[in-house]
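Q: Throw the hints in and build the complete structure from the sequences for me.
Chains C and V, in that order, give the protein sequences.
Going by my numbering, the residue at position 4 of the first sequence is 4; the numbering climbs one at a time, nothing skipped.
Going by my numbering, the residue at position 49 of the second sequence is 1049; the numbering climbs one at a time, nothing skipped.
Calculated directly from the structure, the hints in this document are not laboratory data.
As the structure is a computational prediction, the values presented were derived from the model and not from experiment.
Just so it is clear, CB atoms sit at the ideal spot from N, CA and C, and this is done for glycine as well.
Do not take every clue at face value.
With beta-carbon atoms standing in for the labels, derived distance ranges [stated by the list, open to error]:
#1 Ala158/C - His1016/V: 32 to 38 Å
#2 Pro170/C - Gly1041/V: 38 to 44 Å
#3 Ala119/C - Val1011/V: 24 to 30 Å
#4 His1016/V - Ala169/C: 33 to 39 Å
#5 Val39/C - Arg1015/V: 18 to 24 Å
#6 Thr50/C - Val1039/V: 18 to 24 Å
#7 Arg1015/V - Thr64/C: 27 to 33 Å
#8 Pro91/C - Val1011/V: 26 to 32 Å
#9 Arg1015/V - Pro49/C: 30 to 36 Å
#10 Thr50/C - His1016/V: 47 to 53 Å
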Amino acid sequence: MMLRQFRLYASGPLDDERADLLFDRARDLSVEVVPAEGVAWVAFDRVAPTLVDAVVSGVRDLDTAGVGIAGVAGDDPLVTLEVIATRAGRPVEVVRGWAAAGIPADGAPAPAVGGGFPAPVRDHPRRPVFHWPDVAAWLDRHRAAVPSGADAEVTLEAVTLALRLRALAPRLERMPPIRSLLY
Amino acid sequence: MHGMTGTGVDVERDRHWLRLSCPGCRGWLGVPGEVPPGVAGQLVARRIDAFVQRHALCGRGR
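A: This is the structure in structure tokens:
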């Protein structure tokens, strides 16, 4: 069992009533709504044997709460030092040291330009937040590579396609022939 | 959660989950109201930190 982190984008309104239903069902999720951009998503921190198990169970959570799903996405790119430490498999104190010193993980002096640990998205004295793709690239360059996200992308795309097919199913003349194409 | 003071977001605690709202754009974040300390608490704190950063420029400080 591992921690699986991903997001499901809502296709319709995500209001307090639906959030109540989601939190009644699970405590390993968060809901974020951006009215100005017309988007809302549910982010999951779910322990499951595989990513696909986690995503499918998340889909069931939204189904039960009456929240339509527009798509599946990877985790929020903004991460804390604790998240970086977990993904890098290092103690958070070590990661905090990297961030503070701006030196490579292998201890070599940082090149004058671009060699230091990525700067936080915005300076914060106690809770800096970093852009994960930048940090992952830095880790990869400095011998602390994290697992590739390629398999995760395939899983997320497959679930997205399945959800699109599910949405189309009521308008199809017959579903079984379509389903037969999968095997 | 106590670290939210001064971050430019409003926190409502009248539900069994917490709602953090951006007074600038009306965006909001809902997180579980009670989580055990440790990893679960860190994961919720991370969601709050990311939300605060996203709304740092449209909150009260603008």
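Q: Against the range 33 to 39 Å, how does the distance between the Cβ atoms of His1016/V and Ala169/C compare: consistent or not?
A: Distance hint for His1016/V, Ala169/C holds at roughly 35 Å.
Q: At the C-beta level, are Ala158/C and His1016/V separated by a distance inside 32 to 38 Å?
A: The hint (32 to 38 Å, Cβ to Cβ) holds, given that Ala158/C and His1016/V are roughly 34 Å apart.
Q: Falls inside 47 to 53 Å, the C-beta gap from Thr50/C to His1016/V?
A: Violated: the Cβ-Cβ distance is about 30 Å, outside 47 to 53 Å.
Q: Between Arg1015/V and Pro49/C, does the C-beta distance stay in 30 to 36 Å?
A: Since the Cβ atoms of Arg1015/V and Pro49/C sit about 32 Å apart, the hinted range of 30 to 36 Å holds.
Q: Lying within 24 to 30 Å: is that true of the beta-carbon distance Ala119/C to Val1011/V?
A: At roughly 28 Å between Cβ atoms, Val1011/V and Ala119/C fall inside 24 to 30 Å, so the hint holds.
Q: If I claimed the Cβ atoms of Thr50/C and Val1039/V lie 18 to 24 Å apart, would that claim hold in this structure?
A: Holds, since Thr50/C and Val1039/V (Cβ atoms, about 20 Å apart) stay within the stated range.
Q: Is the gap between the beta carbons of Pro170/C and Gly1041/V within 38 to 44 Å?
A: For Gly1041/V against Pro170/C, whose Cβ atoms are near 42 Å apart, the range 38 to 44 Å holds.
Q: Look at the Cβ atoms of Val39/C and Arg1015/V and judge whether their distance stays inside 18 to 24 Å.
A: Distance hint for Val39/C, Arg1015/V holds at roughly 22 Å.
Q: Can you tell me whether the CB distance of Arg1015/V to Thr64/C sits inside 27 to 33 Å?
A: This hint is violated: roughly 18 Å between Cβ atoms.
Q: Falls inside 26 to 32 Å, the C-beta gap from Pro91/C to Val1011/V?
A: holds, 31 Å
Hints 7, 10 from the earlier list are contradicted by this structure; the remaining hints agree with it.
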